[in-house]
Amino acid sequence: MNWQLLPQFAISGLLAGGPIALMALGIVLIFKSSYIFNFAQGQLLLMGALLTWWLAVDIGLPLWLSILLAIAISAVLGLLIERFTLRPLTGQPLLTIILMTLGLSQVLQGLALLLFGGTQRNFPQIFSTANPYRITTPFIHDGNPIIVILKQNLVWSFAVAILGVIVIGAFFRLTRTGLAMRGASEDHELAQSIGLRIQRIFGTSWALAAAVAAIGGVLLATSSGLDVSLSIVVLAAFPAVLLGGLESIPGTIAGGLIIGLAQGIVATSKTQIIRNSAEIMPYVVLLVVLLFRPEGLFGQKRIERI
Amino acid sequence: MAILRPAGEFDTSYASDMATIRRPWQWCLLLVFLLALFTLPFYASQGLVALVNRIGITIIAVQGLSLLTGFTGQISLGQAAFMTAGGYVSALLVNELGWPFLLALPAAAIAAGLVGLIFGLPSLRVKGFYLVMATLAAQFIIPWFTRNAFQDVLNGAQGLNVQVPVIFGVEFNTPQRYIFLTLTVLVLTTILAFNVTRSRLGRAFISIRDNDLAAELLGVNLFKYKLQAFFLASMYAGLAGSLAAHQLRHINSETFTLIDSIIFMGMLVIGGLGSNLGPIFGAIVVEFLIEAATLLGPFVAMIFPAKSAGVVQALRPLFFGTSLMLFLIFEPRGLAYRWQLFKAAWRLRPFSH
Numbered sequence: 001m002n003w004q005l006l007p008q009f010a011i012s013g014l015l016a017g018g019p020i021a022l023m024a025l026g027i028v029l030i031f032k033s034s035y036i037f038n039f040a041q042g043q044l045l046l047m048g049a050l051l052t053w054w055l056a057v058d059i060g061l062p063l064w065l066s067i068l069l070a071i072a073i074s075a076v077l078g079l080l081i082e083r084f085t086l087r088p089l090t091g092q093p094l095l096t097i098i099l100m101t102l103g104l105s106q107v108l109q110g111l112a113l114l115l116f117g118g119t120q121r122n123f124p125q126i127f128s129t130a131n132p133y134r135i136t137t138p139f140i141h142d143g144n145p146i147i148v149i150l151k152q153n154l155v156w157s158f159a160v161a162i163l164g165v166i167v168i169g170a171f172f173r174l175t176r177t178g179l180a181m182r183g184a185s186e187d188h189e190l191a192q193s194i195g196l197r198i199q200r201i202f203g204t205s206w207a208l209a210a211a212v213a214a215i216g217g218v219l220l221a222t223s224s225g226l227d228v229s230l231s232i233v234v235l236a237a238f239p240a241v242l243l244g245g246l247e248s249i250p251g252t253i254a255g256g257l258i259i260g261l262a263q264g265i266v267a268t269s270k271t272q273i274i275r276n277s278a279e280i281m282p283y284v285v286l287l288v289v290l291l292f293r294p295e296g297l298f299g300q301k302r303i304e305r306i
Numbered sequence: 001m002a003i004l005r006p007a008g009e010f011d012t013s014y015a016s017d018m019a020t021i022r023r024p025w026q027w028c029l030l031l032v033f034l035l036a037l038f039t040l041p042f043y044a045s046q047g048l049v050a051l052v053n054r055i056g057i058t059i060i061a062v063q064g065l066s067l068l069t070g071f072t073g074q075i076s077l078g079q080a081a082f083m084t085a086g087g088y089v090s091a092l093l094v095n096e097l098g099w100p101f102l103l104a105l106p107a108a109a110i111a112a113g114l115v116g117l118i119f120g121l122p123s124l125r126v127k128g129f130y131l132v133m134a135t136l137a138a139q140f141i142i143p144w145f146t147r148n149a150f151q152d153v154l155n156g157a158q159g160l161n162v163q164v165p166v167i168f169g170v171e172f173n174t175p176q177r178y179i180f181l182t183l184t185v186l187v188l189t190t191i192l193a194f195n196v197t198r199s200r201l202g203r204a205f206i207s208i209r210d211n212d213l214a215a216e217l218l219g220v221n222l223f224k225y226k227l228q229a230f231f232l233a234s235m236y237a238g239l240a241g242s243l244a245a246h247q248l249r250h251i252n253s254e255t256f257t258l259i260d261s262i263i264f265m266g267m268l269v270i271g272g273l274g275s276n277l278g279p280i281f282g283a284i285v286v287e288f289l290i291e292a293a294t295l296l297g298p299f300v301a302m303i304f305p306a307k308s309a310g311v312v313q314a315l316r317p318l319f320f321g322t323s324l325m326l327f328l329i330f331e332p333r334g335l336a337y338r339w340q341l342f343k344a345a346w347r348l349r350p351f352s353h
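Those protein sequences? They're chains W and E, same order as listed.
Under the working numbering, the first residue of the first sequence carries the number 1, and numbering increases by one thereafter.
Under the working numbering, the first residue of the second sequence carries the number 1, and numbering increases by one thereafter.
Simulated from the structure, these hints should not be mistaken for lab results.
Values in this document were obtained by computation on a predicted structure and should not be read as measured data.
For glycine and all other residues, C-beta sits at the position ideal for the given N, C-alpha and C.
No incorrect hints appear here.
Here are a few chain W residues that face chain E, going by a calculated C-beta distance under 10 angstroms:
id: 1; residue: LEU89
id: 2; residue: PRO93
id: 3; residue: VAL107
id: 4; residue: LEU108
id: 5; residue: LEU111
id: 6; residue: GLY117
id: 7; residue: LEU246
id: 8; residue: SER277
id: 9; residue: GLU279
id: 10; residue: ILE280
id: 11; residue: LEU287
One chain only, chain W, in its complex shape (with noise of 0.2 angstroms):
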């Protein structure tokens, strides 16, 4: 361990985490309404950062506006994903659905390099880069206290992730609309006979879910560059899913900053190995998620009937 990197890398692996909790909270939004684990948020995640660069770059406008059209038309993408592939699986066993979003990633990432090719292109910065935070630590190494820099566009990326699942964790506490959706998570067919309309409850949860990707795949394409690989990083935040719990949104926020913890922990190592055994630190962490507490930190516990 390199004492006097902890602090820096611990911070910077917390405020990647943000973004790993928004797109955590893609998934869960949609499993909490349809039962669906949607492999395909990668691919809407980078729809709206590719659709955000071509309105801003490509056509001309301004980058707000750009953004703005960028979430609404992954919204509406959002929806006709539901519509055409998931509703006529409804009833159907899980590997099906789970192949249904497996080979839509495979469409929409097929469609994303047809339709904009496969280079590395240059994001619009939307927060300034220049004057990092510096905040002085209360830890001393070496007679000086540590000082750790925080980038400006990462903090704000960090900010705006964890106040959209706050919003939308409002969201669902507080409308009717959230109250809808929080029941009809209990029980589909229960949800249906006291006459909330569940068709219009899961495109509702699609076109929120691929919202909220698509403001996930400017924060991130914004800090690291664009190109088609971008949808891999979602990667990173299945493990932060089950780790939260796959119902629950304050989970998400917890799973994303552990899972980024961990990963900015391991980065100090003084052994190469451990160093490079960041960018499996998720996967690892998934593994005793899954012996230790399958239902995550805030998960429900099934009990399952014959």
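Chain E: place on chain W using the hints.
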């Protein structure tokens, strides 16, 4: 469907009731088909032979997945990772220890099976997407291991060069020769798959797939049979990985990726779950689709001239994903079920409807 047989054809013994191949003419057809396959190098072009070779290796991997997912109902996205394990083990045994290929191949299968056991362990505790996640973890951890651990032996991200297999002095160095190896292993794995699925083991697998709680109450040892399914599936993956590595003569952590695992899953569904013909149909159809994408690429590039370089890479996932989605919506039982319907219609002719 399966009981639909011509009038007057009765089973008079247990053996004939259980038989996979029932009539003499079916034996003849099978022998003619196998003969046509094994003599392929003598009349087909090198490209076709290489394609058949690749399809054969893919079928072996999908057959393993079929035992695990199609018959036992345990969804796995780790098949390509177990292929990596098998490929590396076989490469190391031949390169470092100088084992003959004939010994290294089964050793790789068993080693991959053991690796599969480790990642199958969570299957007792979790199922559904939780298990998908555990196998997905295998898909990340195994390639990472080959990149970062024991770098002096595994050679890091560079990977290993693998020797051409030599059996009794014959070098299998071209697709025309290698195909004999692939086809022999394929025939053996197919026979094994057919026999596993109609034995006690296969019936236990099917009962776990259909309702694991009920199966457990009936006395099926879930832990034992789930692990056996994982072992078998990974063993098949190990065989396929070893064959592929020796054919490509190189293996690294990128040779078999997550996308391959997804494609194997798709092949299984397109071919038909819970059928031994499924993997064969699925692998053939999807490999031909991917081949079609490669051929069509230049034409599509004319429509989207700006991105001509990436068109083939774009078309492959597009073709595969679209066909997978269409099959899931319109024929979730896959091509094997269509084949059953076709056979039934043929037998009922002229009253097929």
